[in-house]
Amino acid sequence: MEKLLEVKDLKVSFFTDLGETQAVKDAGFAIEEGDFFGIVGESGSGKSVTTKSILRLGPSNCKIMGGEILFQGEDILKKSEAELREIRGGEIAMIFQDSLSALNPVYTVGNKMVELIRRHTSITKKEAKARVLELLTAVGITDPEKAMRSYPHELSGGMRQRVMIAMAMSSNPKVLIADEPTTALDVTIQAQILHLLLELQKKNNMSIILITHDLGVVAQTCKRVAVMCGGYVVEEGTVEEIFLNPGHPYTQALIASMPRVGGTFEQFLERDLSDGSGNLCPFLNRCKYADKTCEACLPKYYESSEGHKILCHRREEEK
Amino acid sequence: MSNSLIEVKDLKVYFKQKSPKLLSFKPGILKAVDQVSFSIEKGKTFGLVGESGSGKSTIGKAILRYHKPTGGGIFYGGAEIGAMGEKELLPYRKKMQSVFQDPYSSLDPSHTVQDIICEPMEIHKLYTPKERKERAKELIRVVGLKEQDLLKYPHEFSGGQRQRISIARALSVQPEFVVCDEPISALDVSLQAQIVQMLQDLQEKYGLTYLFISHQLQVVQKICDEIGVLYLGNLMEIADADKLYSNPLHPYTKMLISSIPVPDPRVKTLDQIVTDTGVQSRSIGGCRFHNRCPWCEERCRQEVPLLREAEPGHLVACHKY
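So the sequences go chain by chain: A and B. Under the working numbering, the first sequence has 63 at position 63, and the numbering climbs by one with no breaks. Add 1000 to a position in the second sequence, counting from 1, and you land on the number used in the working numbering.
Don't read these hints as lab results, they were simulated from the structure. Glycine residues also receive a C-beta, built at the ideal position from the N, C-alpha and C atoms. Among the hints, a few may not be true.
Below, in silico cross-link-like pairs of lysine-lysine (DSSO-like), each with a Cα-Cα straight-line distance of 30 Å or less [what the hints assert, rightly or not]:
| # | chain 1 | residue 1 | chain 2 | residue 2 |
| --- | --- | --- | --- | --- |
| 1 | B | K1016 | A | K146 |
| 2 | B | K1061 | B | K1243 |
| 3 | B | K1268 | A | K202 |
| 4 | A | K3 | A | K202 |
| 5 | B | K1254 | B | K1042 |
| 6 | B | K1012 | B | K1042 |
| 7 | A | K3 | B | K1268 |
| 8 | B | K1042 | A | K223 |
| 9 | B | K1044 | B | K1068 |
| 10 | A | K126 | A | K79 |
| 11 | B | K1254 | B | K1320 |
| 12 | A | K8 | A | K300 |
| 13 | B | K1243 | A | K202 |
| 14 | B | K1268 | A | K203 |
| 15 | A | K223 | B | K1268 |
| 16 | A | K146 | B | K1243 |
| 17 | B | K1018 | B | K1068 |
| 18 | B | K1061 | B | K1254 |
| 19 | A | K11 | A | K63 |
| 20 | B | K1133 | B | K1146 |
| 21 | A | K112 | A | K8 |
| 22 | B | K1146 | A | K288 |
| 23 | A | K300 | A | K288 |
| 24 | B | K1268 | A | K309 |
| 25 | A | K126 | A | K78 |
| 26 | A | K112 | B | K1018 |
| 27 | B | K1068 | B | K1009 |
| 28 | A | K78 | A | K309 |
| 29 | B | K1152 | B | K1205 |
| 30 | A | K3 | A | K309 |
| 31 | A | K223 | A | K52 |
| 32 | B | K1018 | B | K1042 |
| 33 | B | K1031 | A | K146 |
| 34 | B | K1125 | B | K1068 |
| 35 | B | K1094 | B | K1009 |
| 36 | B | K1254 | B | K1205 |
Computed far set for chain B versus chain A, every beta-carbon distance over 12 Å [to be verified]:
| # | residue |
| --- | --- |
| 37 | P1091 |
| 38 | E1119 |
| 39 | T1128 |
| 40 | Q1148 |
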């Protein structure tokens, strides 16, 4: 299948008074049309920075140092700000974790959405309003007219996230980036929102990139997964491969440390903030298999099976 | 139940609200917690779970007497603390401490870690200043940080480390009872396991009693002996932790447990979830849950179900049992 969005050797750095901090050192993955792609990792692993870089939404001290981001064959990084504005919120839309701060508090939901739709298309206010009602209904809001008249703070967390999704869907995007969309929600509401995302994805044949640290969410929704650690994508593969046959020690540890109903909590992953210092394996300090080769140089990717790549010195046969 | 440390009987916490009707001076009343009863045995952990707005934090705060209860009683080792005045309460305040969810806003940014840990001891006039410093040194090691960290400020620490500082502060006055209000919800998965492990070790070491509040059911099961499920201020079910998960009785508990995403791609549970269209509503009569309940009958709309024993040690508030 053709690659819709491809991130290649992405490097992103932050510049502060203390110097350069490499947040993303080498991130690469490819998303196909109609894909449900998950990016998992601990906080600080660079998962949010990577996806924000796709739309160049990073803060002002964040700079993309290298790599390519190909969207439908064209490099987004080479586009001008004006060209990018058409893609941003157009063909690639994004929703965030904190829906309260992502919505403007002084506008009603309807007001904001009408403005958004008219920004991307040339239709009358009345037509735009009809479109808003349609979108709000599509995301499962039972009383869309009331929701349109509401200010963001008057809606519940689940409702706000639905509004965010409706806004993102307004331009019929090809790619929807969802950055921890359900982390702040209750489990029951989380299930509803995930269900909605799955439904919309199938109906519109769009691709979704889901960033999360909850492996349960990934297992239930994603087709393919990239695991990030210390600024590197350390493993990428289908969800079945990642969960049932994890190749990287980090992925294995991550899966073992998950709290699950009926399971034990004994194994856990030590957190190490010195992760990824130097040009070595980001998991080096925490890895139980680490040896001299690991301390000498950065490992290279290898494929354990078709489309399942792992960044590790240990090969399949050594296990 | 002679050795229960905390006993809550028919607790009610109501808040006054702006009147829902225009030009009416009669204030509205929000029943945050309504007729809640449970008890916690000494040295055990009681968990409270429920969605946001269910009143779990309010119960924790009422026991700590940050809120004055509207009705009902709170007993600490047999003494009724629900109606006590501030002066009488002071010795009890020393015995009860809390750890909060947000490790960023719960530590004073202008204080060093040492000041933060010593402050409760100063308030309760415990030890000499020198002894307090010694104790701070000891506590910081107990929670897994270094002595040098005492002179640092909160912003120099990560979320998990800050939560360790909060725990050290709570322990400084040698409490018997600690309310942990979502202590790990703001942390990474890998850190959650560590903090839970530490809380359990500390409980064993100091014989602490915990009230553990969380919306993450997977986590609660690991640390709690008994769990109460709250929905809109009412207790729906109380059972032993293992029993609650292996055999949930209340439809709300069933819904909560089935909503947890299973971390196994072979078992797709998301499609099977009965997408409930109902919303939490405080204004409906009868069972609060009836508009979201798959088993709803006429009786549920009329009559409020009472919490009763369905099986030994397993209480449930549902007409079905």
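Tested hints:
Straight-line distance between C-alpha atoms of K1016 of chain B and K146 of chain A comes to about 26 Å, which keeps the hinted pair within the 30 Å bound. Our distance criterion of 30 Å between C-alpha atoms is met by K1061 of chain B and K1243 of chain B, whose separation comes to about 27 Å. For a cut-off of 30 Å, the pair hint linking K1268 of chain B to K202 of chain A stands: about 16 Å separates their Cα positions. With a C-alpha separation of about 18 Å, the suggested pairing of K3 of chain A with K202 of chain A holds against the 30 Å cut-off.
For the given pair, K1254 of chain B sits about 29 Å from K1042 of chain B by alpha-carbon distance, which is consistent with the 30 Å threshold. This hinted pair checks out: K1012 of chain B and K1042 of chain B have alpha carbons roughly 24 Å apart, not beyond 30 Å. Distance restraint check for K3 of chain A and K1268 of chain B: the Cα-Cα separation of roughly 27 Å lies within the 30 Å cut-off, and the hinted pair is therefore satisfied. Straight-line distance between C-alpha atoms of K1042 of chain B and K223 of chain A comes to about 48 Å, which puts the hinted pair past the 30 Å bound.
Between K1044 of chain B and K1068 of chain B the alpha-carbon distance is near 25 Å, which keeps this suggested pair within the 30 Å criterion. Distance hint between K126 of chain A and K79 of chain A is unfulfilled; the C-alpha atoms sit about 34 Å from each other, more than 30 Å. At roughly 14 Å between alpha-carbon atoms, K1254 of chain B and K1320 of chain B fall within 30 Å of each other, so this suggested pair holds. Between the alpha carbons of K8 of chain A and K300 of chain A the distance comes to roughly 15 Å, so the proposed pair stays at or under 30 Å and holds.
For the suggested pair K1243 of chain B and K202 of chain A, the alpha carbons sit about 38 Å apart, so the restraint of at most 30 Å is broken. A distance of roughly 19 Å separates the Cα atoms of K1268 of chain B and K203 of chain A; the hinted pair therefore holds under the 30 Å criterion. Among the hinted pairs, K223 of chain A with K1268 of chain B is consistent with the structure: their alpha-carbon atoms are about 12 Å apart, no more than 30 Å. Between K146 of chain A and K1243 of chain B the CA atoms are separated by roughly 42 Å; this puts the pair beyond 30 Å, and the hint is violated.
Pair hint K1018 of chain B plus K1068 of chain B holds up; C-alpha atoms about 19 Å apart against a cutoff of 30 Å. Of the pairs offered as hints, the one joining K1061 of chain B and K1254 of chain B holds, with about 27 Å between alpha carbons and a cut-off of 30 Å not exceeded. A distance of roughly 9 Å separates the Cα atoms of K11 of chain A and K63 of chain A; the hinted pair therefore holds under the 30 Å criterion. With a C-alpha separation of about 14 Å, the suggested pairing of K1133 of chain B with K1146 of chain B holds against the 30 Å cut-off.
For the given pair, K112 of chain A sits about 35 Å from K8 of chain A by alpha-carbon distance, which is inconsistent with the 30 Å threshold. Note on K1146 of chain B and K288 of chain A: the hinted pairing holds, with a Cα-Cα distance of about 25 Å set against a maximum of 30 Å. The suggested pairing of K300 of chain A with K288 of chain A holds, with an alpha-carbon distance near 19 Å, which does not exceed 30 Å. For the hint linking K1268 of chain B to K309 of chain A, the alpha-carbon distance of about 25 Å falls within 30 Å, and the restraint holds.
Between K126 of chain A and K78 of chain A, the direct Cα distance comes to roughly 37 Å. Violation of the 30 Å bound is thereby established for this hinted pair. Straight-line distance between C-alpha atoms of K112 of chain A and K1018 of chain B comes to about 28 Å, which keeps the hinted pair within the 30 Å bound. For the given pair, K1068 of chain B sits about 14 Å from K1009 of chain B by alpha-carbon distance, which is consistent with the 30 Å threshold. Proposed proximity of K78 of chain A and K309 of chain A is supported: the alpha carbons are some 28 Å apart, at most 30 Å.
For the hint pairing K1152 of chain B with K1205 of chain B, the CA-to-CA distance comes to about 27 Å; that is within 30 Å, so the pair holds. Between K3 of chain A and K309 of chain A the alpha-carbon distance is near 17 Å, which keeps this suggested pair within the 30 Å criterion. The hinted pair formed by K223 of chain A and K52 of chain A meets the criterion: a straight-line CA distance of about 21 Å does not exceed 30 Å. Straight-line distance between C-alpha atoms of K1018 of chain B and K1042 of chain B comes to about 40 Å, which puts the hinted pair past the 30 Å bound.
For the hint pairing K1031 of chain B with K146 of chain A, the CA-to-CA distance comes to about 25 Å; that is within 30 Å, so the pair holds. Taken as a hint, the K1125 of chain B and K1068 of chain B pair is honoured in the structure, with Cα atoms around 25 Å apart against an allowance of 30 Å. Taking the CA atoms of K1094 of chain B and K1009 of chain B, the gap is near 22 Å; set against the 30 Å cutoff, the hint holds. Distance restraint check for K1254 of chain B and K1205 of chain B: the Cα-Cα separation of roughly 35 Å exceeds the 30 Å cut-off, and the hinted pair is therefore not satisfied.
A cut-off of 12 Å between C-beta atoms confirms that P1091 of chain B is not in contact with chain A; the least separation is 36 Å. Every beta carbon of chain A lies more than 12 Å from that of E1119 of chain B, the smallest distance being close to 27 Å; the non-interface claim holds. Taking the minimum C-beta to C-beta distance to chain A, about 36 Å, the non-interface status of T1128 of chain B holds against the 12 Å cut. Distance check on Q1148 of chain B: its Cβ is at least 16 Å (rounded) from any Cβ of chain A, clearing the 12 Å threshold; non-interface status holds.
Of the numbered hints listed earlier, those contradicted by the structure are 8, 10, 13, 16, 21, 25, 32, 36.
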